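*Asks:* With the hints as constraints, model all of the structure from the sequences given.
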Amino acid sequence: MRAIDFQKGRTPIFNSILLAFLILAPAVLPAFYIYIFSVIFVTAILAMSLNLVVGHGGLYQFHHGVFYGIGAYTLALILTKTDLPPWVGFIAGPVCAALAGWLIGLFCVRLSRLYFGMLQISLGSLIWAVTFRWYALTGGDDGIHGIELPGILSGITRSYYVILIVLSVCLIALYRIYKSPFGITLRAIRDNPERCAAVGINVRRHQLLAIVIATFFAGVAGVFFVVVERSVFPDLMFWVLSLEIMIMCLLGGWFTFSGPILGAAIMVSLRTFAGVYTEYWTLILGVILILLIFFLPEGVMGFIALKLKRRELLLEAKKDI
Amino acid sequence: MLRVENAQKDFDGFKAVNGASLSVEKGEIVAVIGPNGAGKTTLFNLITGQLKPNGGTITFLGEDITSMPSHRICKKGIARSFQIANIFHRLSVFRNVQVSVLSQKNRNLNLFLSSDSFFVKETQSILKNAGLADKHQEIAGSLSHGDRRLLEIAIALGNEPRLLILDEPTAGMSPEETATTISLIKRLAETRGLTILFCEHDMDVVFGVSHRIMVMEQGRTLVQGKPDEVKNNLEVQRAYLGTE
Ligand SMILES: Nc1ncnc2c1ncn2[C@@H]1O[C@H](COP(=O)(O)OP(=O)(O)OP(=O)(O)O)[C@@H](O)[C@H]1O
Ligand SMILES: [Mg+2]
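These protein sequences, in sequence, are chains A and B. Here the first sequence stands for residues 2 to 322, numbered as in the working numbering. Here the second sequence stands for residues 1163 to 1406, numbered as in the working numbering.
Hints were generated in silico from the structure; no laboratory data involved. Values in this document were obtained by computation on a predicted structure and should not be read as measured data. There's no promise every hint is true.
Restricting the straight-line Cα-Cα distance to at most 20 Å, the calculated cross-link-like pairs of lysine to aspartate or glutamate (DMTMM-like) are [as the list claims (entries may be wrong)]:
(1) B/1188 <-> B/1174
(2) A/180 <-> B/1338
(3) B/1214 <-> A/84
(4) B/1388 <-> B/1187
(5) B/1238 <-> A/195
(6) B/1238 <-> B/1225
(7) B/1188 <-> B/1226
(8) B/1237 <-> B/1226
(9) B/1238 <-> B/1322
(10) B/1237 <-> A/195
(11) A/180 <-> B/1300
(12) A/180 <-> B/1278
(13) B/1188 <-> B/1352
(14) B/1214 <-> B/1225
(15) B/1188 <-> B/1278
(16) B/1214 <-> B/1187
(17) B/1297 <-> B/1338
(18) B/1290 <-> B/1278
Take a look, some chain A residues computed to stay more than 12 Å from chain B by CB distance [claimed, not checked]:
(19) 134
(20) 191
(21) 210
(22) 304
From the three backbone atoms N, C-alpha and C, an ideal C-beta is built for every residue, glycine too.
*Replies:* Written as structure tokens, this is what we have:
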């Protein structure tokens, strides 16, 4: 998909226009939209991080939201319960998420695919339950609200720009990982783990490293969730959110690089404008999922790539899938 | 170089390999033959670690490799191809081979450099050797059956093995493709001094290229010897040639 995203044809022009628009947006759009864009950016990092292990790694990372929550809670707790400088929290968030990812992954990669997913759901739900019940530390089901942020992040416009920069840095990093020997090997493992072992690759170690990287980026998304919302609550770690991230990847296109960004944008918009009827949200999710599975199994990006039918572009795009 | 002694493998009480023994010396081409279900593939899986034996020992270059995980066995210098094409379907032909070259050179964990700067020449030369150079951009899953089989071998070559194991390299190939594959195998053995262990149903291929032959039946080794000796062995005629 890189051809569509970054290089050939009209893509660089499209990307430049998009970037220019995003830079100018705070000057022309109402604050509410700037807030929604910030949410989309954060969610895009989250969806991209999941897609590294699900779309490119072929792992059943069913409870990715937990690591997002761990990143967010780590920052929130450091800001509200300690006297440590804020930057410590911004580093500790992703690092703690990656540590948790490593610990849970250590058990999960030993299991076959489905059991991997099941174990992750159970361990993740355990973390959710602890967060939900431990009032003294986490504020229980109320969460923590009104978190004070350092000056550079105060104000919706400033935090918007910071998050836009963070998103760009994450995208570049993930893109390099995607193109690296590590990324290619990861996709080879997705296609055929047995053969990978037969050519001398330590499959479990590779998968574990992928999980650590993915959960690190989920932690990055988590800390910037706190920047946008100034609060944390246990729903961040609830399974429904993990399902949502999964749908974003599927919606955008598993096997594409930038599909999950599109998936995140669509899902956040839907949740904002349709999700007013919150009790039906999981129902909406279910319907979207069914429609996707039957009508768009390659996701929107995959669908566009097919529809464009620009042969060389498609070949180029397919080359690195 | 490779020594298998009295290898055993049970599948729920069914003895797929039941006392197979085999030796391969450096520079040799050794064939394993036997009727369908004799346990050839299972024996190869035991040697390269896809399966763990229930008994027996396997040594390679004097080292006991019995029950080692397959990625470590590969690093000792044994690479293999599979009977049923076992490739990376969504990757390009080039990437398929590059993955195994990257693994051989221990560069799999490199995170931030572009893969396009790694071993392009090495990969291209393997593809050329296997006759796949002009298809390097194609998606592996879209190759024809014969090309998949060639890619299968090319992936194994990416590991620069000391011992190359091929499981029915010409199965399902057209006569021309078979001829190409045989000449590839011969060339590899001659120019690189590669040691090759393979199994095959096509008797012309077997008697045409191998230095020694091992005959299997019902998981056991019936005999191992020079092609003439094997040909003359009555037991073999009963077990294999006679049933054809
Ligand atoms: N994973 C497995 N589980 C159960 N039985 C198996 C398994 N693999 C192989 N077998 C059985 O073991 C026996 C030997 O199989 P194997 O594939 O090794 O034979 P082969 O000599 O390679 O045959 P062919 O010439 O058809 O490839 C067969 O009867 C097969 O059904
Ligand atoms: Mg077989």
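*Asks:* Is the straight-line distance between the alpha-carbon of residue 180 of chain A and that of residue 1338 of chain B 20 Å or less?
*Replies:* Violated, at about 37 Å.
*Asks:* Measure nothing beyond the straight line between the CA atoms of residue 1188 of chain B and residue 1278 of chain B; if it is 20 Å or shorter, mark the hint as holding.
*Replies:* Cα-Cα ~35 Å, so violated.
*Asks:* Against chain B, does residue 134 of chain A hold up as non-interface, every C-beta pair farther apart than 12 Å?
*Replies:* holds, 38 Å
*Asks:* With the threshold set at 20 Å, check whether the alpha-carbon distance from residue 1188 of chain B to residue 1352 of chain B stays at or below it.
*Replies:* holds, 12 Å
*Asks:* Taken at face value, is the distance from the CA of residue 195 of chain A to the CA of residue 1238 of chain B at most 20 Å?
*Replies:* This hinted pair holds, its Cα atoms lying about 17 Å apart.
*Asks:* A cut-off of 12 Å on Cβ-Cβ distance, and residue 210 of chain A was said to be off the interface with chain B. Does that hold?
*Replies:* Given that some Cβ of chain B is not farther than 12 Å from that of residue 210 of chain A, nearest at about 7 Å, it is violated.
*Asks:* Verify the proposed pairing of residue 1237 of chain B with residue 195 of chain A, using a straight-line Cα cut of 20 Å.
*Replies:* holds, 15 Å
*Asks:* Please work out if residue 1214 of chain B and residue 1225 of chain B have their alpha carbons no farther apart than 20 Å.
*Replies:* holds, 17 Å
*Asks:* Holds or violated: residue 180 of chain A and residue 1278 of chain B, Cα atoms, limit 20 Å.
*Replies:* Judged against 20 Å, a Cα distance of about 8 Å means the pair holds.
*Asks:* Check the hint pairing residue 1290 of chain B with residue 1278 of chain B against an upper bound of 20 Å on the C-alpha distance.
*Replies:* holds, 18 Å
*Asks:* Need the status of pair residue 1238 of chain B, residue 1322 of chain B: alpha-carbon distance at most 20 Å?
*Replies:* holds, 11 Å
*Asks:* Can you confirm whether the C-alpha distance between residue 1238 of chain B and residue 1225 of chain B stays at or below 20 Å?
*Replies:* It holds: about 9 Å lies between the C-alpha atoms, which stays within 20 Å.
In terms of the numbered hints stated before, the structure departs from hints 1, 2, 3, 15, 16, 20, 21, listed from lowest to highest.
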